[in-house]
Amino acid sequence: MNRQLTQDGRLRHLLTLDGLPRAIITQILDTAESFMDVGEREVKKVPLLRGKSIFNLFFEPSTRTRTTFEIAAKRLSADVVNLNIATSSQTKGEAILDTVDNLSAMHADMFIVRHSQSGAAHFIAQHVAPHISVVNAGDGRHAHPTQGLLDMFTIRRFKGEFHNLTVAIVGDVLHSRVARSQIHALTTLGVPEVRVIGPKTLLPTGVEQMGVKVFHDMEAGLRGCDVVIMLRLQNERMKGARLPSAQEYFKFFGLTPEKLALAKPDAIVMHPGPMNRGVEIASEVADGPQSVILPQVTYGIAVRMAVMAMLAGTGNA
Amino acid sequence: MHASLPDANTLIARLADAIAPTLTPDTLIVGIHTGGVWVAERLHGLLQCAQPLGTLDISFYRDDFSRIGLHPQVKPSNLPFDLEGRAILLVDDVLHTGRTVRAAMNELFDYGRPASIRLAVLVDRGGHELPIRPDFAGLTITVPDHQNINLSRLDDGHLTLSLA
Chain E
195 MNRQLTQDGR LRHLLTLDGL PRAIITQILD TAESFMDVGE REVKKVPLLR GKSIFNLFFE
255 PSTRTRTTFE IAAKRLSADV VNLNIATSSQ TKGEAILDTV DNLSAMHADM FIVRHSQSGA
315 AHFIAQHVAP HISVVNAGDG RHAHPTQGLL DMFTIRRFKG EFHNLTVAIV GDVLHSRVAR
375 SQIHALTTLG VPEVRVIGPK TLLPTGVEQM GVKVFHDMEA GLRGCDVVIM LRLQNERMKG
435 ARLPSAQEYF KFFGLTPEKL ALAKPDAIVM HPGPMNRGVE IASEVADGPQ SVILPQVTYG
495 IAVRMAVMAM LAGTGNA
Chain X
26 MHASLPDANT LIARLADAIA PTLTPDTLIV GIHTGGVWVA ERLHGLLQCA QPLGTLDISF
86 YRDDFSRIGL HPQVKPSNLP FDLEGRAILL VDDVLHTGRT VRAAMNELFD YGRPASIRLA
146 VLVDRGGHEL PIRPDFAGLT ITVPDHQNIN LSRLDDGHLT LSLA
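Sequences listed follow chains E and X, in order. Residues are numbered in the numbering used here as their position in the first sequence, beginning at 1, plus a constant of 194. Residues are numbered in the numbering used here as their position in the second sequence, beginning at 1, plus a constant of 25.
The hints are simulated quantities; they were obtained by calculation from the structure and are not laboratory data. It is possible that some hints are incorrect.
One side of the interface only, derived from the structure: several residues of chain E facing chain X at Cβ under 8 Å [as the list claims (entries may be wrong)]: (1) Arg-197; (2) Leu-199; (3) Gln-201; (4) Asp-231; (5) Arg-235; (6) Ala-289; (7) Ile-290.
Derived SDA-like pairs: lysine to any residue, alpha-carbon spacing no greater than 25 Å straight-line [as the list claims (entries may be wrong)]: (8) E:Lys-238 x X:Ala-112; (9) E:Lys-268 x X:Asn-131; (10) E:Lys-268 x X:Gly-94; (11) E:Lys-238 x X:Ile-174; (12) E:Lys-238 x X:Gly-94; (13) E:Lys-353 x E:Lys-268; (14) X:Lys-100 x E:Ala-414; (15) E:Lys-239 x X:Gln-172; (16) X:Lys-100 x E:Glu-355; (17) E:Lys-445 x E:Gln-403; (18) E:Lys-268 x X:Ala-112.
To spell it out: a stretch of chain E is covered by chain X in this simulated footprint if at least three of its residues, at any positions, have a beta carbon under 8 Å from a beta carbon of chain X; those stretches are [to be verified]: (19) 221-228; (20) 236-250; (21) 465-472.
In this text, all values refer to a predicted model and were calculated from it rather than measured experimentally. The beta carbon of each residue, even a glycine, is placed where N, CA and C say it ideally should be.
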């Protein structure tokens, strides 16, 4: 039973990449490809979602994700309303479902939800009327599916295929919803070797069960990789002392040109942003020739357009 | 019924003959995916057009999107020229309701303001629902609404029309 799909197998909500069929992921990537040129046109819009109202419900602050969702919705001609609820009615104690009910009464067609609690988007998706779609824009440590999809889009653009790749995800996997979404997508798309690299304190116990190889040594883990994905060190989530210091973290797990040289010569370097320069990644690498970090941001718009167009086209929204 | 339709290549040649005297050197030929692109490719060759060929996928402009959703295989539109102030020859395989042509014109205008758009179709089958008529038609016939005319391309590139 997959709440994300309609009975005839089309996308109904986008909540997680866990269990999302390969055909749907591929369809999203293909659709995103055809949206790529909209940003180059004289009129950077297509009329697909004209007359639809999309609400960005951000219960947790975000600049890049919220902005790219907003641009994506506007390029589809939707009307977009941004709500930074962390600073509005939630502080007055309004329950999350009351907020949703109120916005539904304003004839919302789609909710883009970011929340610090895992499962928040699922919770809203269970509650909304049948014509409303929900996109998870990050929930706690659980999932960030559009980030995972844009990462897959980036890898496909630079590497062409998935079946011959070795991909390393480096850093704070424990707190990372991005890493979980990436691992689900990479394995679904048939990447034969997915590695996670990090100190024991920042890798979830049992992460091997997700089908990844675990390394605690950066040198060994990076050897022969085609794609190196650096994760943001989640300072704000870090409760207690999991790490001695940012400097020591950089020494062992920061990506420097010397460590990157162990990967394949044509390896690409990715990062979901925002970066902590000098903590998980050296500026020489972040701004270097192998970095595709800024293309990731551009591709994020096309991927989010694809997701919203597919959701709105299921005959519901 | 299949045999009663003329050969597609004959129709394309007829269409090219009709277009040739009116074609200015700066005219841009634009085909609509998928069948319209096949016809446009042929016309582009027969008319020895020196401009690059444009292609349009109108999936993002369809007026039935909210009912039937996004076509699963959207191809990128490719207009490798600035169409501002240019003469456009828009090409499709079959003109039926006119909704595809309406969508194509909307899409063209999102790229710029052409000086003119003329429409060439292989078959005008009637059943128009919009005030859109072809400037050039290889064949004009009346086909009942429940039937479809399809253009298909064989592996060797041969184009055939069929009625179903």
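Enumerated hints in conflict with the structure, sorted upward: 1, 2, 3, 6, 7, 11, 13, 14, 15, 17, 18 and 21
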